[in-house]
Every structure is written in structure tokens, then in C-alpha cells.
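Novice: One letter stands for each residue in the lines below.
Number of protein chains: 2
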Amino acid sequence: MTLPCIGVFDSGVGGLTVLKAMAEQISAHYLYFGDTARLPYGTKSADTVARYAIGAARFLEAQNIDLLVIACNTATALALPQITHAASVPVVGVVEPGAQMAAEVSQSGSAIVIATEATVSSHAYRDALQRHGLQAFEKACPLFVPLVEEGWIDHAVTEQVARIYLGEAMAASADSADVLLLACTHYPLIAPLLRRITPAHVKIVDSAESTARVVRGQLLEDPPRGEAQLSSNHPGAASSDHRTFRFFVTDSVEKFKRLATGFLGRQVDHVEHVDLGG
Amino acid sequence: MTLPCIGVFDSGVGGLTVLKAMAEQISAHYLYFGDTARLPYGTKSADTVARYAIGAARFLEAQNIDLLVIACNTATALALPQITHAASVPVVGVVEPGAQMAAEVSQSGSAIVIATEATVSSHAYRDALQRHGLQAFEKACPLFVPLVEEGWIDHAVTEQVARIYLGEAMAASADSADVLLLACTHYPLIAPLLRRITPAHVKIVDSAESTARVVRGQLLEDPPRGEAQLSSNHPGAASSDHRTFRFFVTDSVEKFKRLATGFLGRQVDHVEHVDLGG
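Each protein sequence line maps, in turn, to chains U and H. Those letters in the first sequence? Residues 1 to 278, by my numbering. Those letters in the second sequence? Residues 1 to 278, by my numbering.
These are computed hints drawn from the structure, not numbers from a lab. Just so it is clear, the structure is predicted and the values come from calculations on it, not from any experiment. Certain hints may be false.
[To be verified] Below, in silico cross-link-like pairs of lysine to aspartate or glutamate (EDC-like), each with a Cα-Cα straight-line distance of 16 Å or less:
no., chain 1, residue 1, chain 2, residue 2
1, U, 257, U, 269
2, H, 257, H, 269
3, H, 203, H, 104
4, U, 203, U, 175
5, H, 139, U, 150
6, U, 139, H, 150
Extracted from the complex, chain U is given alone in its bound form (with noise of 0.2 Å):
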């Protein structure tokens, strides 16, 4: 029995909720890269972040992978077009499955997205929920990611934080919105937080969840070498025998783990660095 290969792509740690995700759904072997020597992408130009991410997809093709999963909103914001052009491998985004989530959740058509600069500059998710008839209000919520980097998941700063924005958010819809999407990689973990002081009425989107069910369906669609194993009954049991990890860093391998248990919830004991230049 031959297990999918699955490719995930970040500028850092925050893609390790959409491995997360992926990893509670999907039997698969997984080789997760993140870029740290050059994050953030969330501050960088369009054309830096294409440059960066085509060279780590070039790198995870070498090793054989059936699919890329590009976890980081800016580098699929700014560039999922160049990477999914310049790879030989169906490449899935962040953006599309989160829009497309929100939509089937929406009953007003109207959503907030909250994510990180360079992300809403991009205006990628306010296109995508157009397609799917929605109406987007973004939100540039900066201090979320070092926040949570801090691990200050469940503190009264980030609380402060979080209404600050949110309110600002919720005020520009002028109340209107019934989503909340998360869409940066990052805030799955503040996701308890922002439930407490998001009103009940307004669902929150994950785009992590939204990327691992659109994977599996995928993978159900169009198994790699018409062998992969998918639990498809049964989302919540894929069993954990066959699944292997591989996580690969461009800067300290130390600080990556450090983080790392928090984002995955399970331990990371072993990381290989490389070095792509630049």
C-alpha cells in the first residue's frame, strides 16, 4: 500500500495548522517546509514572495511529492498562479477553500477576513468571496502573528487585541457579517479567543480545516498512482501507523521546533535545515 505524498509549503510555522488539519484527515507521508530564514512573507513584495516559494516547491518536488499544499495565505495571495505554473504537481492553495467555506456557511453573504497585511493588500480573498457571491470585509491584523509567536494564545493582551480589530471589522460591515475567516495560518491558535468575544452569530471560517477537506477530496477524486489510502469514512480516524513527517527549515532548526508543538500539537524532535541561497 502506497501512501500520497503531500508537500506543504510556508514561510514558517504557521502552516503546521494546515498540516494539522490535513494530518487529522488524511493518511499520507508529509514533508513540510517552511522558509523561516525569509519570513515574513506578510511584509514582502509580490514578486519576492513568488520568488521565494518557487524555489521551496522546486525542493519538495525533488523529493517526490504527489501534491503541494502551499499553507501560507500571502505566498497563495500573491502567487498561486506563478508556483502552480512553474510546478509539475497539482498545487492547492489557502485561499479558494477557505472563500469557498464561507460561502456555504454564509446566510448573509457577508464575511470578514482577517489576515495579515500583505494578504488583504492582495485583495485575493475579497476575490474569491466575490466569486462565490459573498461580500468581503478585510482586516489587516498585524500584531496577531507575533502575538501568537509569543505565545500569548489565551491572554489579555491578545483579548485587547483582538476587540480592537475585530470591533474596527465588525463596524466597517456595519454589523452585517455572519463569518469570521481566518485567513492567516496563525490564528487557528487564538481561534478559542476570538470565539469568546466574536458575537454568536457569527460562524468562524478556518481556512486550515477548509484547505485539508478540499486535499482530501482531491486525493479521493484523483489518487496519486491509484493507490493512496484515504480513511474516507471516517475524517477524524486516519490512522496514525502509516503516517510519517519530514520538516524542513531554511533558518534555526531550534527556534522551528520550539514552535512547532504548539502549532501541530505534538511533539517535533527532528528538523533538517537547508539551504536554498539567497
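Use these hints to put chain H onto chain U, whose structure you have.
Specialist: Here is chain H on its own, set in the frame of chain U:
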């Protein structure tokens, strides 16, 4: 009359506080290089930072600078010897000037150093302060840079975060420290807020100011081409008639311009994009 030409290097906009402090004291031509495509250096390893900084040093030397200021605490802490070795002009970093000034003003012989995680991990300030006979209590404050870049210079959240960080640092020093050394170039922007919440007997030393003083001294002592024009008697009276400024960045020119005004205290209209590769 030929003015000296000073190259100023930082990973982003933070070094503009050093440029500002120098421009107030020294008539010179200033070339500022912000490696914005690869910031922040604060999360990167020593090897990566050294490689980036030396690339930028080469670029500035090709513009005929007389002196290079590494206006980046992380690059100074992690890579000053390598940069100095690679450079063909005198190099001034920001660590030693700050430590020297701290030693001059401390009476208790004990100082708190606040900085990014990488600067703290390098222990460059601890070592420099020890050489001057001071005991150092280092405290990483990873949220200050994003708070400053969010523009929350005088904001309740920033004050709350600062109270937490400084409270922990003061406790660790058993309240023995009488100097708070701002060992990150972003921190001068929140110096008024820090002053407000720091006990009155604790003096605040800012490495931007300290570095400007050292550069001025070095140019007076060893003027390039023997023609440097320095207003030696009136540090605040440097003529603005002759000073020129050029700004180079490796990523978005627009984002740099937007942030630069707050850091430099003057409008920055013209910024040139440079691609160093990688």
C-alpha cells in the same frame, strides 16, 4: 568643501532612528540601505544575518562611502566582526556605543537591556557591558517592533505590554539596575512611553543617540579625505544646507516611505529599489 559620506545599514526602517540622531549632529551625505525584503533579522541565525549584511555593505561601498554604520542591533550583535573584516571602510556598530554610554551613566553597576530575541540570544550587550564592568539583565521584547510598526507608539496596549516586559526585567534584576538600555533601533519611538512607566532613578540610554556620538567622534578624529565638515561645537547645529539623503530598499518602496516618516521625523519622498538577489 567635501562632506563625509556615511553609509547606514539596517534590515528595515529601524536604523532611521540612528540616521536621525546622526543627522542632528553631523553634516554629511547619508546613504541608507534597508534590507526590507529580508527583514526581520531578529529571527534569523548568525550565518544568515552575516551573509545579508555583507551583501549590503558591498553595495554601499560601491557608492563610495567613507564610513559604514551598522544601524541594526541584530546584525551588529551577530555579525560585526565578519562585516568589519569584509569591509574596506571603517565600520561602527550599535552595541559598543550603547554599552559605553550605559557604563558612563550607571552608578549601581547594573543595567537592563531590552532588545529583540536574536540580540538577547547573542548576549552581545551582556558581553559588552561586562567589559565595562556592568552587570546586564537582558530581556527579549518581541512585541515592541510590531507594535511600533502598527503605529501604536502611545497606545494602551503598548503600555500594557511594556509594563509586563519591564516588570519581568526589573524583577529579574532585583531592582538593582539604574539603566534601561534600548538595544533595538525601533525602541526610541516608544522612549517617551517607556520613560513614563520606568522608575525615575532609572536612566534610559538609547543606542541610536550613543552611536551618533561615537560616529561624530570618529569623524572628528579621523576625517575622511581630511575635509569633513563637522560642527564640532554645536552638536545640534549641523547645517541642513549640505546634507543629502538617499534611501535604498530591497522590498516595497511604498511601505518603507509610509513608515519612514515616523522614524526619521521628516518626509521621505524618494526611495530607490535595489535587488541584491536571494
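Novice: Give a verdict on every hint.
Specialist: Hints versus structure:
no. : hint          : result
1   : U/257 x U/269 : holds, 7 Å
2   : H/257 x H/269 : holds, 7 Å
3   : H/203 x H/104 : holds, 11 Å
4   : U/203 x U/175 : holds, 13 Å
5   : H/139 x U/150 : holds, 13 Å
6   : U/139 x H/150 : holds, 13 Å
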